[in-house]
Amino acid sequence: MNCEEIIAQGLKLAIMTRDELHNQRLLQEANEKAAHFLTRRHFLKESAMGFGALALGSLIGGCHLGASNSYAQTLFDPAHPLAPKLPMFPGKAKSVIYLHMAGAPSQLELFDYKPDLMKLDGQLCPQSLLEGKRFAFIRGVPKMLGPQATFKQHGQSGAWVSDRMPHLSTIVDELSFLKACTTDQFNHAPAQFLVHTGSPRLGRPSLGSWVTYGLGTENQNLPGFVVLTSGGKFPDAGKSVWGSGFLPSVYQGVQCRSEGDPVLFIKDPDGMDRDLRKASIDAINQVNQEEYKEFKDPEILSRISQYEMAYKMQISVPDVMNINDEPQYIHDMYGTQPNKACFANNILLARKLVEKGVRFVQLFDWGWDSHGSDANLAIDIGFINKCRQVDKSITALILDLKQRGLLEDTLVVWGGEFGRTPMQENREGKQNPFKGRDHHTEAFTIWMAGGGIKKGVSYGETDEIGYSAISGKVTPFDIQATILNQLGFDHEKFTYQFQGRPFRLTDVSGSVINDIVA
Amino acid sequence: MKVVFTSKIFLTILFFVIVIAVYFFTTSSKPVDFNSQVKPIFNKKCITCHGGVRRKAGFSLLFRADALAKNESGKAAIIPGDPDHSEMIKRLTLKDPEERMPYKHEPLSKDEIDILKKWIKEGAKWGDHWAYVAVQSVDVPSKPDWAKNDIDNFINQKLIEEKLANSPEADKATLLRRLSLDLIGMPAPDNLAKNFLNDNSDHAYENLVDSLLASPHYGERWTSMWLDLARYADTKGYERDDSRNIWRYRDWLINAFNNDQPYDKFLTEQIAGDLLPNPTDAQYIATAFHRNTMTNDEGGTENEEFRTAAVLDRVNTTWEALMGTTFACVQCHSHPYDPFRHEEYYKFMAFFNDTRDEDSYGDYPLLRSYNDSSQKKLNGVVDWLDKNVSSQKAKEAYTFLKTWQPSYNTLNCDSFTNSELADTKWTSFRNHAVCRLKNVELTNKNRLIYRYAGYVNSGDWQIHADNPSGPLIAKINIDTTKGGDWKIAEADIKPMDGKHNLYFTYQSNKLKKPTDAGAMLDWLYFTADLPGKEKSGYSEMKNDYWKLLTADAPTTPVMMDNPSFMHRVSNVFERGNWLVKGDVVEPDVPHSLNPLPKGAPHNRLGMAMWLVDNKNPLTSRTIVNRLWEQLFGTGLAETLEDLGTQGVPPTHKELLDFLSYQLMNDYQWSIKKLLKEMVMSATYRQDSKATAEMIGKDPFNKYYERGSRVRLSAEQVRDQALVISGIMNEKMFGPSVFPFQPKGIWLSPWNGAEWTMSNNGNQYRRALYTYWKRTSSYPSMISFDATSREVCTARRIRTNTPLQALVTLNDSSYIDMARHFAYRMRREAGSNVEREISRGYELALNKNISPTKLQALKKLYDEAYDKMKDDKDKTCEMIGEMNENDNPETAALVVVANAMLNLDELITKN
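Keeping their order, the protein sequence lines are chains X and B.
If you count the first sequence from 1, position 263 lands on 263 in the working numbering, and the numbers rise without skipping.
If you count the second sequence from 1, position 194 lands on 194 in the working numbering, and the numbers rise without skipping.
Misleading hints may appear alongside valid ones.
As the list claims (entries may be wrong) - Partial selection, computed: residues in chain X whose CB lies under 7 Å from chain B:
1. Ser240
2. Val250
3. Gly260
Stated by the list, open to error - Straight-line C-alpha distance at most 20 Å; calculated EDC-like pairs for lysine to aspartate or glutamate:
4. Lys293(X) - Asp171(B)
5. Lys278(X) - Asp862(B)
6. Lys702(B) - Glu629(B)
7. Lys435(X) - Asp116(X)
8. Lys499(B) - Glu441(B)
9. Lys743(B) - Asp261(X)
10. Lys445(B) - Asp466(B)
11. Lys859(B) - Asp273(X)
To be clear, the hints were calculated from the coordinates, so they are not data collected in a lab.
Cβ atoms here follow ideal geometry from the backbone N, Cα and C, with glycine treated the same way.
Okay, chain B solo, but in the shape it has when bound (with noise of 0.2 Å):
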């Protein structure tokens, strides 16, 4: 007794000597770290009425400027090297609880005041946040025994601080399917399954990842992840929520993926590929990143509106999707923890605020996609201009050809009589209409080209300068067109210098009623005469250029931007108002990060240019974590849309810092290479079986101690059921499809659009190639944690609740797949029961059954086969129409099938 006690006393004594110790070490030895140690007291206890929201006082603690600077009392709360005499201390020490700060508050602990004491003793030095300092080389921790990989000797170093231990590598079948799902995110394909089981090389595994990584359905699945991203829909959104062709920007993905197109290219072309020299198709569609936004087409909506509230989703997607960094709050005010400034959101705004889109019905501008016939003789007129005029000409005409821009919208017509916004869409005319389109650039321009609807003969169509009795500068006829469609013509328009606010007046005689419209204005395009007049083939050229305009060309939206003509200048709201404009602002990056880089242009292709390059700290950081969240399940830093002060700290920043740094400079922005290396790493092959002493220490897998074991995403859930019953179309690309959904589901007011199920096979597609609309998206995968992408998602949370066994219990699509596994299962393995429920698991899970686990799923076949053997309705019912698998013995296997396709074990990947 007296033993223990003395050595109780002793391991007291031992334990203070080691705190004592620990604190000297740690608070006199070093100096304080501003980030780890200052500002999250910051954080926690000021920073509320401290900050960029509130400034009480006048006092804010977000820069360091702004922190030592004198506030309301005239005082400076910080004085570097001089606690006693700095106000802020003193404030945070005081007993009277008035002028005690935090106010209201429970005070500091000693241990704040002291941490914060000797920081301003050591100058009150500022520190950035880690994911604000650019990526610096990395020194890689020492290798331990078990380590296949760089990576492994980071996850290593934890876990022993951690005192865990890793686990040893999962079985060749768990491998294959962990490595196929997050790959190509469906299970691998016959052949290369089998190579990889029978292979007992060391290679075999590395030949594995070559060939998942080399497979087409690659980029099919890393373009299931950026949809979210790009928040990409099929449709516009809002009430309306009708069609939108934008397809082929998914493809676009797809492609670029899949051929590796190196990361700060793939998005340089997303973000500005139009402003490249001489932009292609691809580059052009790559810009659809930023058009996924949405177009309000209700009647009576303000389109500058929406226009703006697509240009600020813009502004926080770039940042939240590719930068990490949720930037929407400081759309109001200076961002409440992190550097930066209310003004400095506005000036990167600026970057997107001068394009041609103007939330107009038609979604312009659009790229038009010309078949191979009209595409030769879109090449030829270019061809032809550019030897026989200029190669400026030469380029205009392309620009229109492909684009229909730079033109006017009608959209920005007012001062109506007579006339109106026709469902705020289009100028519409009564008889006797006049209205105005400010500031139109005459100068040189001789020749209107307008798209118009004419409902009467004989309109009198006049466009006046500057006043409705001004100059007439031109005088149109219009007649009915065809169905009253939309039509595209031409018309000669009388010169004249700068720019002219016009006014259009109409009237036609065959006008009865005072409430009829007569015509309707879409855009007007003011150019001059195609030159070349007097060249050999100018009316050829013409004529293909004509045909060219009015073709039927497919269309993508696009990003544009403005001619100088058509500036937009952009202003700051007031706290976020659209409605109150303050300043003027030009482009610019936020201060607290890099520069844009030398001799790059204030525009989007500049601030692209910014995004990539290497000292931007944001961008490689933000991937990282991204495809280290597809593959684990959770990120080094668990917030991929928040790296800032605010968002949980990275687990093991050292090593998301070390990929990083890898990726920019040893992988060339490779994403193929930066995946291989994650999944060639030993931590990611781990078994994930764990022990309760395992899920006691380390419940989420934190330190990686263990395989990640993870709920399969909405779309994986579909693709592996699709691939695992045989019946998996694999035809790539084109416009989305529709699967089989239940009746009822769009009720849309107004467009009484209705789902109408593909066929062909079609409706087999892979899930990424589901039609997504936003007001009523397909509800199986909703239920599986997809998003309706309204908005850009940074992050799906998964879930786990009822309506999911629902939907792979009952759903007619997973009943489909059900049945086509059964017969599936009895194709490849006879008729005996027990063989065929084993070659089902196989196919599924590429291992062989437990005993146990066929029991309870053979005992399930016995009931059903009892049930089903007197029963021809419900055998018939089980197999769904009558064919050769009509029989009891297939009906039972159906509903062994559709059991396993709802085991923990296929929905999960282990």
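Just chain X, with the same shape it has in the complex (with noise of 0.2 Å):
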């Protein structure tokens, strides 16, 4: 910045409004932040002519686009779209664990314990509860089904938890319930997208995305947000779930993958070893400061060091996604399955990530749309084997986090997209082969735990029979609300200017679940 700039600078700030000066504070420190982070990067060292530009042309380019008064605007700038950002507010979580259950979990066999269901079990469902009500498969009068499980307190919280999840129940006191949980779409893509994008629609950007857009990514080594998969399909909604919506692709969900390259492309071709690939971008970066020489481009050196980011992420991705290095004691208590696309695998990889500073893991894992269609469909079959593959292993996340001193700046989320019925599913008006329930909209549980999030609470009521929610209903907006809020956002004023007017993750709705937050 030359002298003139400065004063005009001064200047500017003096007719600032309150908001406009602290927006321009925050954007100054990102800059500064970024400018910071730029000067570890050692091949600039070899170019001291490169560094100044390049520092220069970040803060050009976080003044031009700082030129709007809106605070989200100042944070794009496309020359370093992820160099970290400081959030509105100092928030209690750096980096979120999201686990969805993809198909939705049944409340009903795991946290929430309705004995007088158990009394109706076998019974025609009242007329008063199907009038006016739509259900994805349930046609005509279906039947109660009674819990499928057996219930406990336990902890000095006292949560009930049901035997289906063992592992879990010893750990209930570090977790908070949010019981009443509510939604309004009973297909799994739509409500899906409404749990990750705050609309039913394809088109809006993810949770992660809206995260990393904010607050970039400690780590340049590797992406800020990363997507895992398991249960041998993608979630329903596809891909989109975690797409970036209208912002800037670069905020995208990558997805690692456990078999082929863990990111796409980052396995160097056949034939070519890091030494070559090294002399390779060297060569490839030497002539490009060529080119700078004669161009004068900032550009051109925001290229030079991604080529450099590009080689270190082949260095790292690859050592993080690899969990053979880990002791056997950690292997043992997560219950991992060497090379294979599992859940266990994808929970250890989700704690190594955000230990190396990954902003946002969203893992996902098929197979929890209990309908009773099939065995594997089945409340008291297929689902116990899922509780099975996820129990162990959640519970180890959660003391395997506390144990490194990660648990409380990492907020840890689990649920899925909706609730499942009291009632038993009777696809087309007839009784399915095996028990099952069918999409719920009006009640289900998720649970947060860490990343400034009170320990052994249950909030939320839903009726005796676990059809409604009666207290404490909160609905998947309140959810990001809540999770914007332990990140350090505001989440109705934390927006991108698109279609002609500021989005936000919640809408026009949403408020932050107080009653959880420590």
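Put the complex together from the two separate chains, hints included.
Laid out in structure tokens, this is it:
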């Protein structure tokens, strides 16, 4: 910045409103942090001129975009889209691990204990519960289905957990249960979109994208937003559920895979070893330096640093994605299965990723859609297996994060896209071959832990058969608002200008669930 | 010291004198300009509470009539000519913070208040935002000596104002590459390149421009751009995201661009080709523009909800893509900033709301494309009917055979007993089924043609009018269809007058279990017997008619309006909620813009005529701005998607208007002529080299003091590499193709679709032919900021990330191209490494490599060669297969070729 610019800057500051000043300060801090970050790049030390120009480029970029008076507009610098940024206010969580059980697990077999429902088991559902309601598959008059698990209270908090989750029941005092979650979407894809993007339709940015957009990433050698899937299929909503919507595509979730390249195209081609790759990136960057001398375009310097980062990512991604180096007791604790794309491996990866500074880790586990249409989807067969697959590893995650001192600033969220009916599903009016429950929008349970969430709390209640939320009702928007709050964002002010208006994750609704915020 | 001091004082006084003079000049002598002085204050300080969304105290500043009207207080906030009695001024100047406006915000500055006072004093004249005023002819500024055409005169004027200077012309090699990438999206064919580089005449550049504009690749390049606007994809979207055959629309675009179809016709056919007199197949296919909306095939979803979503998307896309206006916000309330009212959104929506499509699984209505012999038959049928019966009947038969319309989709059935909407797509009958189809027009219909599938024999399907035991109008036997496939059949029905609710009953003694389905219905076409029975040739004609009707013809989804008996009423949706219907509305355009042209019908065709009317202020500006952005990297107004008051104001408004006027008048909407004007300018031809000083003064090259440097688009990155490596398959048109994609990218629930790589050269087609799956788009292109095309993308935002580097470094497609690039270097430059690398550089950039660059790449070659020379495995891996290139020299050159495809010079357009 030259003298004139500094003076101009001062004048500008003098005429700014308080909000604008605040934004300006944040922007400046973000830029300083970005500049500081750049100094650490050894590659650029080779070219003092290169660095100066790059830092200047980033400042100019920031000022240019900072011209708008919205907080959000200051966040995107095309030259350094993932530079670490400060939130609106100091957040309690630095990263998020979101465990999504795709298909929607039954709250009635896990956390929402309803002895009265047992008494009604096998009886026809009262008309009052059916009138004016729509279900995905239930037709005519279904029968009630009592809880297909045994419940007990656990821990100091006395939380009810069924015998389907024997491990998790030992750590209930770390968790905050939201027992009266509701949604208005009863099909998987729209409901998943609602949970993750704030809209039931395609096209809005996902929670992880918003967070990466707002905070950048701590570790430039890894993607800021990582997605891991298990269960053999993607969630019904497809890849758009971790898409960036109208945000720049750089903020979309990067799917890390346990088969093939962990990140697409991360592996050098056959025949090219690391030394040769290094040599080739050196050659590319050397030619690009020549190019820069001629054109003086800061974008060239940015490209040089992106190639350097790509090279580092090639080392750090396979490294972090390799769980074999973890000690045996950790493997035992999580119940991992070597060389398999399974949930336990993914959840251990999630821990490794947040440990390395990844901002948002999104897990999807497919297979929770317990309709009772076949054995795998039976509430008393397949569902038990699914619980077994996740119980131990989720418990291990919480304990492991805790022992590493990471739980304090890592927010863990567990849940599905909706709940399941207290009635047994009767697809097209006839009894399903196995016991199962239909999609249900009016009550389900999710829980959160760590990241500044209260411990051992159970918030919200459903009626005596678990059909409707009666107190402490929350929507996906409230959950999103709370997650953003823990990260240091006011969900009402965290916006992005699109189609002529500022958009936010929670659209026009949502409020922070203060009862579970520590 | 003293001298300095006095001169300082003198300068200070001089400064104040100038400031005061300027103040008087600008504020006193000239009347206040609403758009540049008043509206910005409103937008920044007032309109959040007093606009289209919130109207606190009943006061809104969006329209003049509202602003001058009495508010809740009973007083008018603005009294023209009388600032002192205008409540607004009073409230802006009060001391009490509870009363003073803006409420709980910083007060307006004195200057701002003075502007508002003066504006009211002068009559509170409202001005229209520049983009909503019809384009007028513009005076061209004076010509500087460096100018090549009028564009430069405008650019020069701004450069002088900003105290900047233009740059000299770039060298020929750079111009060649820039022009080729811009006009055809890939490097120029060898012969054009050679001709240009060897031609030192004055016409060399213009000849190259003309040749590129005439190249068939021109159409492909501009189609690539248009596909984002049309949200073109090869799948339907949403959860199932199954395939959709709509590539004929992509091919239509290529032809339209190549034929330089005038932009007004180009738009008219896409919006309303089906409503033109006797539409051709091509005109029907053009309307697929708005059939690229998504269709939801997920079971249990409400078809009407997703039909509505598609219609709203058509409205939003029409405005955003074609008129640079973000209209979507008017869906829920009046526009917060721009002069569009809530109900006007729905009036506009009514243009699109009366179409035949209903979110059906079949994507109806479809245009059926016949092969030549079938087409001959069709002409025969139509001619026969025309000659022997009437042109009306001939037309009806033509439409039905081409589109199976107008038919009733059975997804509209309801009141199901022992029947249901199977997977919410088709009406399905179990034993003793009853269901209803409402409001069917039966006047003069004695024949029913229907599409069905039968699963058992002896199904008795009866149709009763008005109630399940009402008059029987048809009794139809349904047998098993082969393999349970769909079949088309016909039956007699008893004609009745007017519209009736039809009740379908079905039973079959062959159905054993009460849960089994006996038959399923797709659509029903109520008609009259094929007329002309007594005329000669009838039976042959009828025979052909049925052959055509049931022929296996490839299809494309198209737009079609409902016939009057199927008319769909349009309503305002209260707060944008489609379930809460407000007032009924008729199709119309917003009042703040030009009216519908005289004689234009109140349908899509009339709307298209309005859209391309020279009085429409937005259409020409939007396309000019977009084409400029494609060439220069940034639009004359940066926000292509929003020319409204919230968009970024244009840097060169007069130039934008000048070119828009030219386009409509002098060029008669010719896109090629407009592009030629742009690339012939000296502004376009400037060198893109900068100095630190230039970067400091104009970091984003807003004033065009130098050529623009722009990263290539996702499509260009791929196409360029294919051309350089010599393997591009230049085949045009046809179904989309599947180039290499890593395994495991598609894991779609329910449909198990798989990516099977194309072969026979189809894997080397241009990027725009790549199969586009919405929920899982081609990953390497997505990395380079291509979009998934769920909705219209008016502007791609370019990013620069390490994931892009990984694509061009490691993606097997790029390794494959690097191999072929290396083979080509060897083939064309013999076995001298320096010569080979130089040749490669020349192939890529049409110029000689500098010694330092050559040295860097040669060093890489040497290191690679050292690794390869004693390592047969590495060599073989690098070459990928056992062939004549399986030697360490070539393998090392592949490493170099891979590096070259990653150079900034290649990824960027200089």
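Outcome of the hint check:
| no. | hint | verdict |
| --- | --- | --- |
| 1 | Ser240 | holds, 6 Å |
| 2 | Val250 | holds, 4 Å |
| 3 | Gly260 | holds, 6 Å |
| 4 | Lys293(X) - Asp171(B) | holds, 17 Å |
| 5 | Lys278(X) - Asp862(B) | holds, 14 Å |
| 6 | Lys702(B) - Glu629(B) | holds, 12 Å |
| 7 | Lys435(X) - Asp116(X) | holds, 19 Å |
| 8 | Lys499(B) - Glu441(B) | holds, 4 Å |
| 9 | Lys743(B) - Asp261(X) | holds, 10 Å |
| 10 | Lys445(B) - Asp466(B) | holds, 16 Å |
| 11 | Lys859(B) - Asp273(X) | holds, 16 Å |
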